[in-house]
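Those sequence lines, one after another, are chains A and B.
When you number the first sequence by our numbering, it's gap-free, plus one each residue, and the end is 597.
When you number the second sequence by our numbering, it's gap-free, plus one each residue, and the end is 597.
Derived from the structure by calculation, the hints contain no laboratory data.
Certain hints may be false.
Copies of one chain are not kept apart here, so a pair can be met inside one copy or by any two copies together.
Stated by the list, open to error - Here are the computed lysine-lysine pairs in the DSBU-like style, where the Cα-Cα straight-line distance is at most 30 Å:
hint, residue 1, residue 2
1, K334, K511
2, K509, K334
3, K9, K334
4, K509, K486
5, K511, K486
6, K334, K224
7, K189, K9
8, K9, K152
Bear in mind that the values here come from a model prediction, so they are computed numbers and not experimental data.
Number of protein chains: 2
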Amino acid sequence: MSYSAPVKEMLFVMKELADLESVAALPGFEDANLDTAQAVLDEAAKFNGEVLAPLNFEGDKNPSTWSNGVVTTTPGFKDAFRQFAEGGWQGVMHPVEYDGQGLPKLIATPCIEMLNAANLSFALCPLLTDGAIEALLTAGTDAQKQLYVPKLISGEWTGTMNLTEPQAGSDLALVRTRAEPQGDGTFKVFGTKIFITYGEHDMADNIVHLVLARTPSAPEGVKGISLFLVPKFMVNEDGSLGERNDVHCVSIEHKLGIKASPTAVLQYGDHGGAIGYLIGEENRGLEYMFIMMNAARFAVGMQGVAVADQAYQRAVAYARDRVQSRPVDGSAKQSVAIIQHPDVRRMLATMRALTEGARALAYVAAAHSDFAHRHPDEKVRANHQAIYEFLVPIVKGWSTEMSIDVASLGVQVHGGMGFIEETGAAQYYRDARILTIYEGTTAIQANDLIGRKTVRDGGATAQVLLAQVDETIAALAERDGQPFKSMHRHLSAGSLSLARAVEFVVAKVKSDPNAVFASSVPYLKLAGIVLSGWQMARALLVASEKRGEDEAFYGAKIATAQFFAEHVLTLAPGIEASIVSANGEQGILALHEDQF
Amino acid sequence: MSYSAPVKEMLFVMKELADLESVAALPGFEDANLDTAQAVLDEAAKFNGEVLAPLNFEGDKNPSTWSNGVVTTTPGFKDAFRQFAEGGWQGVMHPVEYDGQGLPKLIATPCIEMLNAANLSFALCPLLTDGAIEALLTAGTDAQKQLYVPKLISGEWTGTMNLTEPQAGSDLALVRTRAEPQGDGTFKVFGTKIFITYGEHDMADNIVHLVLARTPSAPEGVKGISLFLVPKFMVNEDGSLGERNDVHCVSIEHKLGIKASPTAVLQYGDHGGAIGYLIGEENRGLEYMFIMMNAARFAVGMQGVAVADQAYQRAVAYARDRVQSRPVDGSAKQSVAIIQHPDVRRMLATMRALTEGARALAYVAAAHSDFAHRHPDEKVRANHQAIYEFLVPIVKGWSTEMSIDVASLGVQVHGGMGFIEETGAAQYYRDARILTIYEGTTAIQANDLIGRKTVRDGGATAQVLLAQVDETIAALAERDGQPFKSMHRHLSAGSLSLARAVEFVVAKVKSDPNAVFASSVPYLKLAGIVLSGWQMARALLVASEKRGEDEAFYGAKIATAQFFAEHVLTLAPGIEASIVSANGEQGILALHEDQF
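Between the sequences and the hints, there should be enough to build the whole structure, so can you do that?
So, in structure tokens, the structure goes:
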């Protein structure tokens with residue numbers, strides 16, 4: 002099962018849409034120019050294609066197994082992780098002072114995409130480690146940072162996020178795990194955490210669990226949650242490992258997909274208490290966890306792009322190979338490769354357009370994050386931060402929702418063979434299904450998009466983005482030809498729909514919260530479609546300028562943008578209608594609980 | 002894992018939308034009144050709920066297994082099949098003269114729905130047997146009918162359809178299996194057939210394979226395919242079983258879903274030739290197979306409704322039970338059952354609305370089939386036949402496409418638990434994925450809808466249906482209140498969209514076939530949405546009249562219809578835009594094969 006990273010496409014997006022040149026001009030990113038990007042991406046493409054992709058199907062067939070508290074990963078994973086660590090891939094975007102490479106998020110993002118496209122189950126381990134690193138860098142003491150971060154970046158150790166408990170999934174107010182102070186600065190942690198990705202495994206020497214728990218004096222609800230670091234093995238001051246801590250994996254889950262990734266139930270404190278260390282201040286755990294989660298949410302959005310791209314690549318390969326039926330236009334008397342059939346082309350174009358649109362939006366978001374961190378002007382930083390935060394739930398929610406549709410189309414392109422596990426197409430359909438759930442369901446993303454990102458500033462950030470969309474629309478209007486005409490027409494309609502939806506959300510959230518939140522996911526999808534479509538429009542403008550330089554590449558980009566306009570953006574007004582003009586609550590909530 | 006058949010809803014659709022009373026007035030259906038229907042449905046609900054539903058999850062965990070040519074089905078299946086046969090369920094819609102019950106398709110259809118909702122994998126065996134019975138009744142000799150049909154109806158034997166070969170999936174022109182005449186009226190069959198559902202199993206004494214093959218003198222392509230009956234065990238004239246025939250199961254597939262249903266690779270003639278009997282005339286095999294397939298396609302459409310309904314029932318149960326987070330409107334200080342959250346309600350309402358709409362359209366189609374078979378007036382029969390044939394690809398294509406979305410929403414409602422196989426929600430997501438593929442992919446259905454059903458009569462049948470939709474729209478206009486207002490608005494828009502799409506298809510199919518066929522699946526979906534929405538509108542009109550009699554039931558129906566209008570029908574104009582105004586071929590096919 003092969004994966005060929007779309008490096009050319011990635012560099013196009015980075016350079017032409019996400020303004021890599023300006024990112025490389027930010028303080029500290031001086032080396033992050035196009036040449037560096039090209040070199041890093043080429044190397045990542047090689048590693049992920051050669052080392053990790055071949056293990057993807059293997060991991061599905063031979064998932065991680067549990068026995069007596071010990072988890073054994075798929076054969077080959079441990080060695081691959083060693084190579085991943087030695088290649089420095091964990092540290093791409095982490096600070097140089099902790100042995101990271103200190104590259105911009107804009108360069109790290111395609112690396113993350115490749116990693117996840119090659120092997121989603123494998124990629125989850127580094128993804129969670131990234132989150133742990135972010136949390137420690139944000140809230141840890143200097144000593145904690147020095148002790149843990151370099152080991153996490155080197156891949157000697159890995160990290161986890163422990164939020165969920167049986168009664169506390171999306172609702173962290175219900176967390177019951179408790180942490181009792183021991184008087185020596187340490188705590189003893191007691192409780193059960195479930196759904197802990199790579200909560201136990203055999204790929205690294207130690208596992209650093211970041212755990213939400215309550216201290217005895219904590220207030221109820223989310224304001225009484227603190228963040229603790231609980232290592233699997235105790236860590237001596239010199240970084241060497243001590244005794245086994247009292248955290249044990251009592252089982253792993255039997256899942257629909259991402260089977261190679263062990264999903265652990267962790268039991269804390271059954272033998273006297275797991276020793277933990279407070280991270281940051283007491284009762285501010287949720288705040289720190291959100292830092293990890295925001296990084297993780299963006300990364301999960303990239304998982305959506307990644308699995309969609311891999312499903313697309315496989316479907317294209319099959320469609321070129323499989324010969325079946327004559328062309329409908331009578332242009333051949335013999336059966337032809339199915340890629341020649343219009344409906345197969347429509348499916349492949351849909352997969353391609355959705356993937357390219359979501360990728361472009363995510364990379365643009367990554368660049369905003371870089372500006373938000375590194376621009377010398379505080380006001381500029383704040384503006385970029387607001388846009389980045391607005392985009393994170395869209396990148397997470399939209400990329401993952403579309404990835405399920407794309408993976409499903411991938412199965413469909415394969416026909417009956419798609420339903421046979423040996424073909425491999427079904428794995429993406431199963432793997433993708435978790436992406437809209439973990440790190441916050443699409444509804445959680447959508448509520449975030451409405452509450453914190455749209456309503457809190459009265460729609461101001463949304464208006465900033467819409468004004469930028471309008472500039473693109475104006476540029477489209479000045480160009481001739483069907484691709485521009487189609488894009489102008491459908492992006493204009495989509496932009497108006499999104500503007501009206503923003504207006505509706507801001508105006509009604511207080512007076513009719515149920516109506517607004519009942520439309521939260523459609524609102525997120527509308528934003529995803531319009532803002533991805535906007536990126537495709539920007540790509541169209543660039544590609545038409547450069548077409549002469551590389552007809553194959555830019556011609557395909559133009560055709561894909563037109564397809565996006567005519568087959569994806571066309572959905573926007575209908576979604577708006579279901580949000581705005583549908584009378585909201587009455588329509589969705591008229592059906593009482595007991596009528597279902 | 003329980004299943005509670007929605008008998009009340011089924012009877013409502015049969016009586017109020019599919020006009021059971023008129024069906025019961027047809028010659029031969031005199032006993033098929035509402036009382037009979039109620040009695041049959043109650044009995045079916047009991048059998049399927051008590052006997053088959055409990056085996057559904059079991060079949061997923063412990064699929065059929067193959068060893069040395071012998072297939073052993075999931076423990077419990079054999080006994081359940083005996084009970085199914087003894088209950089007379091195989092014969093519900095088959096002729097009384099062959100020991101069937103001779104009931105209308107309109108009454109058989111909810112029975113089929115229940116069977117599939119309770120246990121999709123189990124139901125496939127009777128579904129294929131139904132197809133074999135239909136083919137024999139249509140094309141078999143009297144002797145063949147007498148010898149085989151009663152045994153198939155009694156459940157002593159089961160039937161299969163053997164179309165697919167490794168190189169011949171959707172493209173039956175590529176069939177290579179050959180049948181050599183032996184001079185005694187029999188043939189010897191040689192070849193490999195794949196994807197044969199229940200091609201081998203242990204639930205019945207004999208298996209009657211209906212096999213597409215070529216005789217030595219046959220022309221190339223689909224005009225040279227004949228239909229043969231090849232029994233697993235030879236059948237003596239008195240119906241007793243003779244020697245084992247030379248057809249053997251060499252393996253079964255490892256599939257994404259419907260795991261309990263063995264999908265066989267059958268090898269014909271490796272030991273001298275499998276003895277087969279020609280059914281009907283030589284070289285007319287495809288025609289007969291289409292009879293089986295049309296029956297099977299309708300039944301697969303019902304599988305879509307069935308799995309959607311079961312996914313819905315499970316999601317509702319979970320949403321009532323799972324407590325998580327406070328209401329967004331601040332109406333409670335404690336976490337509440339998630340069914341109270343607007344987005345969960347939206348998901349459940351979407352699942353419900355799509356399922357009810359597809360069910361109603363399918364039952365209405367079933368009634369058309371009954372009129373087409375039994376009405377005394379030939380012209381009336383022909384009119385109903387045309388409508389039925391128009392609706393079959395829509396019932397098959399739309400019900401199954403929506404079932405994937407509904408099953409996916411079912412997983413989403415469960416959150417993280419939905420991804421854990423033990424919960425059961427994931428099984429529907431996996432099972433449903435085959436429905437848009439087998440018995441003709443959605444593209445095959447859509448091409449049929451365009452070619453044979455829309456273009457061949459110049460859009461006449463489509464116009465008949467659109468005129469009926471317009472009558473409903475006129476009735477809606479005379480009523481007050483938001484549900485009518487919403488439905489009037491969105492059904493009007495949807496109907497116009499469908500009308501324009503029909504016009505486009507008829508006008509352009511000759512001059513620009515690629516453009517038309519590139520939009521075939523969107524065209525089918527548009528038809529599915531508008532015609533299902535039309536049934537919901539008719540249900541709305543009836544429910545508002547009867548609301549006083551049963552507020553809970555009719556109130557829910559009204560709210561569901563309004564939801565359908567505001568959240569499903571709203572999608573229609575956008576789909577039309579992608580079909581009609583998108584410049585067809587240029588948009589979809591501008592991307593060349595080598596640009597993917």
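> Using 30 Å as the alpha-carbon threshold, which applies to K334 and K224: within, between, both, or neither?
Replying inline: between (71 Å within a copy, 15 Å between copies)
>> Regarding K509 and K486, is the shortest C-alpha distance of 30 Å or less found within a copy, between copies, in both, or in neither?
In response: between (35 Å within a copy, 22 Å between copies)
> Between K189 and K9, at a C-alpha cutoff of 30 Å, which is it: within one copy, between copies, both, or neither?
Replying inline: Cα proximity of K189 and K9: none, with 51 Å in one copy and 57 Å across.
> What label fits K511 with K486 when the C-alpha limit is 30 Å: within, between, both, or neither?
Replying inline: The answer is between: 26 Å across copies meets 30 Å, while 39 Å in one copy does not.
>> Please sort K509 with K334 into within, between, both or neither, judging by C-alpha distance up to 30 Å.
In response: Intra 60 Å, inter 22 Å, cutoff 30 Å: inter-copy only.
> How do K9 and K334 come out at 30 Å by Cα distance, when the copy is not named: within, between, both, or neither?
Replying inline: Answer is neither: 37 Å inside a copy and 53 Å across each miss the 30 Å cutoff.
> Taking 30 Å as the upper bound on the Cα-Cα distance, should K334 and K511 be classified as within, between, both, or neither?
Replying inline: between (64 Å within a copy, 18 Å between copies)
> How would you label the pair K9, K152 (within, between, both, or neither) given a Cα cut-off of 30 Å?
Replying inline: Neither, since 33 Å and 63 Å both go past 30 Å.
In summary, the structure is inconsistent with hints 3, 7 and 8 from the numbered list given earlier, while agreeing with the others.
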